[in-house]
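Take the given structure of chain H and dock chains B and S to it, following the hints.
Residue numbers (my numbering), protein chains in the order written: chain H, 1 to 326; chain B, 1 to 78; chain S, 1 to 343.
Some hints could be false.
[What the hints assert, rightly or not] Some chain S residues close to chain H (C-beta under 10 Å, calculated; not the full set):
#1 F33
#2 P65
#3 G70
#4 I72
#5 K108
#6 Q116
#7 P149
#8 A295
[Stated by the list, open to error] Here chain S is said to cover these stretches of chain B; the calculated rule only asks that three of the stretch's residues, wherever they fall, bring their Cβ under 8 Å from a Cβ of chain S:
#9 3–10
#10 18–25
[Stated by the list, open to error] Calculated lysine to aspartate or glutamate pairs in the EDC-like style (CA-CA distance at most 16 Å, straight line):
#11 K118(S) / E288(H)
#12 K43(B) / D38(S)
#13 K195(S) / E63(B)
#14 K173(H) / D220(H)
#15 K173(H) / D63(S)
#16 K99(H) / D256(H)
#17 K43(B) / D133(S)
#18 K68(B) / E31(B)
#19 K307(H) / E27(H)
#20 K34(H) / D256(H)
#21 K89(H) / E311(H)
#22 K41(S) / E55(S)
#23 K323(H) / D173(S)
#24 K33(H) / D256(H)
#25 K41(H) / E27(H)
#26 K140(H) / D68(H)
What the hints contain is simulated information worked out from the structure, not anything from laboratory work. Predicted model, so just to flag it, every value in this text is computed and none were measured. Ideal Cβ placement from N, Cα and C applies to all residues, glycine included.
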Amino acid sequence: MKPTPQQRIWMYEKMLTSRKLDEQVFEAYWEGKKPVFNMGKGPLPGEMHQSFGQEPTAVGVCAHLGADDAVGAGHRPHHVAIARGVNLKRMAAELFGKKTGLSGGRGGHMHIYDASVNFFCSGIIAEGMGPGAGIALARKMQGKPGIAVSYNGDGAANQGAFHEVMNMASLWKLPFIAVIEDNGYAVSVTPKDSTAVPSWKRASGAYDCYGEFVAGNDPDRIFEAAARCVERARKGEGPSILEIQTERLHGHFIGDVAGYRSKDEVAAQVDPIPAYRKRLLDEKVITEADMTALEARVKAEVDDAMKFGRESDYPAPNEALEKVYA
Amino acid sequence: MTDIVVPADLWDTDDEGVLFLWVYTDGAIVEQGRLIAELTVEKAQLELNAPASGRLRILVQPETIIKKGQVLGKIEPV
Amino acid sequence: MAGPVTDQGRSLTMARAGREAVMAEMRKNPNIFVIGEDIAKLGGVFGTTVGMADEFGAKRIIDTPISETGFIGIATGAAMAGMRPIVEIAFVDFIGVCFNAIFNFAAKTHYMSGGQFKMPLTMMIGYGGGYNDAAQHSQCLIATLAHVPGIRIATPADSYDAKGLMHTCLRDDNLTIWMVHKRIWGLGWLGTALKTAIATVPEEEYSIPFGQARIWKEGKDVTLVGYGITVHASLQAAEKLAAEGISAEVLDLRTIVPLDREAIFKSVSKTGRLVVADEDYMNCGVTAEVLAVVAERGPQVLKAPAVRVAYPDVPVPFSRPMEDFCLPDADKIVAAAKRTLGK
Numbered sequence: 001m002k003p004t005p006q007q008r009i010w011m012y013e014k015m016l017t018s019r020k021l022d023e024q025v026f027e028a029y030w031e032g033k034k035p036v037f038n039m040g041k042g043p044l045p046g047e048m049h050q051s052f053g054q055e056p057t058a059v060g061v062c063a064h065l066g067a068d069d070a071v072g073a074g075h076r077p078h079h080v081a082i083a084r085g086v087n088l089k090r091m092a093a094e095l096f097g098k099k100t101g102l103s104g105g106r107g108g109h110m111h112i113y114d115a116s117v118n119f120f121c122s123g124i125i126a127e128g129m130g131p132g133a134g135i136a137l138a139r140k141m142q143g144k145p146g147i148a149v150s151y152n153g154d155g156a157a158n159q160g161a162f163h164e165v166m167n168m169a170s171l172w173k174l175p176f177i178a179v180i181e182d183n184g185y186a187v188s189v190t191p192k193d194s195t196a197v198p199s200w201k202r203a204s205g206a207y208d209c210y211g212e213f214v215a216g217n218d219p220d221r222i223f224e225a226a227a228r229c230v231e232r233a234r235k236g237e238g239p240s241i242l243e244i245q246t247e248r249l250h251g252h253f254i255g256d257v258a259g260y261r262s263k264d265e266v267a268a269q270v271d272p273i274p275a276y277r278k279r280l281l282d283e284k285v286i287t288e289a290d291m292t293a294l295e296a297r298v299k300a301e302v303d304d305a306m307k308f309g310r311e312s313d314y315p316a317p318n319e320a321l322e323k324v325y326a
Numbered sequence: 001m002t003d004i005v006v007p008a009d010l011w012d013t014d015d016e017g018v019l020f021l022w023v024y025t026d027g028a029i030v031e032q033g034r035l036i037a038e039l040t041v042e043k044a045q046l047e048l049n050a051p052a053s054g055r056l057r058i059l060v061q062p063e064t065i066i067k068k069g070q071v072l073g074k075i076e077p078v
Numbered sequence: 001m002a003g004p005v006t007d008q009g010r011s012l013t014m015a016r017a018g019r020e021a022v023m024a025e026m027r028k029n030p031n032i033f034v035i036g037e038d039i040a041k042l043g044g045v046f047g048t049t050v051g052m053a054d055e056f057g058a059k060r061i062i063d064t065p066i067s068e069t070g071f072i073g074i075a076t077g078a079a080m081a082g083m084r085p086i087v088e089i090a091f092v093d094f095i096g097v098c099f100n101a102i103f104n105f106a107a108k109t110h111y112m113s114g115g116q117f118k119m120p121l122t123m124m125i126g127y128g129g130g131y132n133d134a135a136q137h138s139q140c141l142i143a144t145l146a147h148v149p150g151i152r153i154a155t156p157a158d159s160y161d162a163k164g165l166m167h168t169c170l171r172d173d174n175l176t177i178w179m180v181h182k183r184i185w186g187l188g189w190l191g192t193a194l195k196t197a198i199a200t201v202p203e204e205e206y207s208i209p210f211g212q213a214r215i216w217k218e219g220k221d222v223t224l225v226g227y228g229i230t231v232h233a234s235l236q237a238a239e240k241l242a243a244e245g246i247s248a249e250v251l252d253l254r255t256i257v258p259l260d261r262e263a264i265f266k267s268v269s270k271t272g273r274l275v276v277a278d279e280d281y282m283n284c285g286v287t288a289e290v291l292a293v294v295a296e297r298g299p300q301v302l303k304a305p306a307v308r309v310a311y312p313d314v315p316v317p318f319s320r321p322m323e324d325f326c327l328p329d330a331d332k333i334v335a336a337a338k339r340t341l342g343k
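Isolated chain H, as found in the complex (with noise of 0.2 Å):
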């Protein structure tokens, strides 16, 4: 199942999204951090782990996903949040620690929660895996329709929770998808050097579920091999694994030399945007005079956004105290 060009253009566009996002809060990240580098300080304080490259994995699925879906995202969020359709001034506002943040500045970048379209995070590798297979459990329970997609990275699936929770997700057939991002590094480490057998083959062996391998970084690819795994899982056939690989053009967080990569394997990445963006108009899907105005609207969305973030009162201090509870 190809993607239609409305399909395409729409990767696009929330792709570039994510983006200018992340460049806008790249720029903004250093503030207050130069030339001593404090992580708490300047307006976007804490840790960061930005999406560069791996956009493509994010839309890829989100694009065969509707409102009774649910999706899990890991510590590297924001091109997941922004293709479930995140609301995005929210979303700013968040990673600045606003009062009009999603969870009112409480969770803060690696806690990105929009329960509106059912996206939640989870800031410990693998853990998001369990909740994703209980609603993948709820909507079956309820009989409602659904499916729910996991989040995680290469160094993930060797995590004890995604083995405990592919096993019962198999047994028991949930609706369930684990996409494992492999961007080549679980901080420093490589699969090569991690991993004994890759997820995605797993899946037969361990699981005797459906597992996928998607080559090449590229979103149409991704959103063919996507529309296998969704499919069989509206069909009640069980979860799969769909392992992806992509690429972190950038270190595991801001601030990150990534001293163990070689300038060489860095100059040879291929940032699929404009890889992307190039295809889109050489196969005549959108017309340059649309594209510029695309990208034009993007722009003005993401200012917006970022306006709205560091605008935005903080909240009081002592509504750190609230909100334990319902």
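Chains B and S only, in chain H's frame:
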């Protein structure tokens, strides 16, 4: 008058058990089929239901070792 | 079965009373399901779910593989999506293999999402030793769980409270942990029935609020604070003290989070003397929190230093004389009470 007997098929072996507790006190009105006592046999906690409705008369106290076929109490008609 | 079928109350074990509450709530609310190891066919290693698979079926009483992190994670997701799961962890010692799912996800999701996602999840957990199950199967770890914000913990000491607190747990939209000491569940193979743990339990439903301690026995000379099994040791101690003319008040905390700090301070203000008994480790434990209540609100009410009777800071030993040496019991509580009276 109905005897409350430890049923022969309540557990598989011929091991002895222990009367763990009575759910009702001596003299209480009980209803047929309802739980009236718990027995312990090895690692299992077993249930004993009232064989008839009426007034419970307790003959065997908790913590007593009991056997299959033993009469633990009686149910008097009211 | 409508209406009472007896003219006198029913003496139920804590396991049966807890089950009664769960089953009543499950009959009313189709969103409740139970998940855990050995709970369907076996009915739970401590009898928590006996008979439930027969009534509710395999879709609502779910046996799992040995995958605590996995199935607690799954339960949290189901709770986020509108179900109301009950997760059984038979031994609290096993929270080590799944603590992240509990303290980083279940306890924090409501907060981190700014209230967008609720977590109506109840856990049933057994704790405690005293029957030679050694270091990894005898712990209490109440303080470990109580220490993390976002959790509510109920520790009923008898079957009446067990049923009432379970109803409250199953109507609360937060992570609630219903914890029962294994030696007062009411299982013959863990010792004879503690008479004081077996209460008369009404047939109808009732709910006991969190944060409300219970005075089992009023007294004027010394306050004995306990929870779970140490309530019973305190009652036995009170009897022994009474024989010596000392009037002890026995206060059952009932829920550790939220803690009824008012009740603690009110009782100690009255008696002026405090002994707190706990089977959990001494260091940074619930006993310390009870003392902190008095120290913060008005240490001047104390006529003598408070005394803590808690498990020494050692792993639980296997050998009987060593384990008995460590366990809080009535005699240790009596000695502590007398110390506060200068005897």
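Against the structure, the hints:
no.	hint	result
1	F33	7 Å, holds
2	P65	6 Å, holds
3	G70	3 Å, holds
4	I72	7 Å, holds
5	K108	8 Å, holds
6	Q116	4 Å, holds
7	P149	6 Å, holds
8	A295	22 Å, violated
9	3–10	violated (count 0)
10	18–25	holds (count 7)
11	K118(S) / E288(H)	47 Å, violated
12	K43(B) / D38(S)	15 Å, holds
13	K195(S) / E63(B)	12 Å, holds
14	K173(H) / D220(H)	27 Å, violated
15	K173(H) / D63(S)	15 Å, holds
16	K99(H) / D256(H)	29 Å, violated
17	K43(B) / D133(S)	15 Å, holds
18	K68(B) / E31(B)	23 Å, violated
19	K307(H) / E27(H)	13 Å, holds
20	K34(H) / D256(H)	15 Å, holds
21	K89(H) / E311(H)	11 Å, holds
22	K41(S) / E55(S)	12 Å, holds
23	K323(H) / D173(S)	12 Å, holds
24	K33(H) / D256(H)	14 Å, holds
25	K41(H) / E27(H)	14 Å, holds
26	K140(H) / D68(H)	12 Å, holds
Violated hints, in rising order: 8, 9, 11, 14, 16 and 18; the structure is consistent with all others.
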